[in-house]
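Engineer: What follows is each chain in one-letter form.
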Amino acid sequence: KQEVTQIPAALSVPEGENLVLNCSFTDSAIYNLQWFRQDPGKGLTSLLLIQSSQREQTSGRLNASLDKSSGRSTLYIAASQPGDSATYLCAVRLKLSYNTDKLIFGTGTRLQVFP
Amino acid sequence: NAGVTQTPKFQVLKTGQSMTLQCAQDMNHNSMYWYRQDPGMGLRLIYYSASEGTTDKGEVPNGYNVSRLNKREFSLRLESAAPSQTSVYFCASTRKSFNSPLHFGNGTRLTVT
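In the order they appear, the protein sequences are chains Y and G.
Just add 6 to the spot in the first sequence (first one is 1) and you have this note's numbering.
Just add 662 to the spot in the second sequence (first one is 1) and you have this note's numbering.
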């Protein structure tokens, strides 16, 4: 059974720091992995999606890497800002059949960036 | 472009009452999903619809029913609400391609007393 774990559960850093959020999964037979951001009382916003054949994806100050063989992904945030404060979730996508799939979510890392 | 719209945003029910959560997307997406989010348990899939006219059970379907009314709309119904269904419910959608990211609504916070 695929399980997705995110460590740490919470992180508090001063503004300007570079930081890494971790996501691990137990079964390497994933189709892709997606990182989301969730602000309090809001839905999830997609940040980056990495296909299983890719090693990394970048968007602005965000860089996500994927190592399928070790079952790990990291989300790197450069020069963190207070506006980055949110909960970050990763989700692995499994292909069940030709037209159905399944996302399995981690429980998230709650990030606080203080001025 | 509104994306994924959910109504209502908040709801309080008494045990045994019924209600329908509404979801609509304007991105011409084929697949739609209902998740619930509970503290410490992450998001769990309740039901999904891979395409218009089809629905399938997810991980936690008991106590729920769904209707894919058309390509835009996917509703979730609680026939007889229970306190265990207190949660935040999210609707999501994506294009048919597995390579496409999921887009989420802002959620419905449901409390069952």
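What the hints contain is simulated information worked out from the structure, not anything from laboratory work.
Backbone N, C-alpha and C fix where the C-beta goes; we use that ideal spot for every residue, glycine too.
Don't take each hint at face value.
[Said to hold, decoys possible] From the structure, some residues in chain G lie toward chain Y, with a derived Cβ separation under 8 Å: (1) L705; (2) L707; (3) A712; (4) F752; (5) F760; (6) N761; (7) P763; (8) H765; (9) G769.
Engineer: So, for every hint listed, does it hold in this structure?
Structural biologist: Right, here's what the structure says about each hint:
no., hint, verdict
1, L705, "holds, 4 Å"
2, L707, "holds, 7 Å"
3, A712, "holds, 5 Å"
4, F752, "holds, 6 Å"
5, F760, "holds, 5 Å"
6, N761, "holds, 6 Å"
7, P763, "holds, 4 Å"
8, H765, "holds, 7 Å"
9, G769, "holds, 5 Å"
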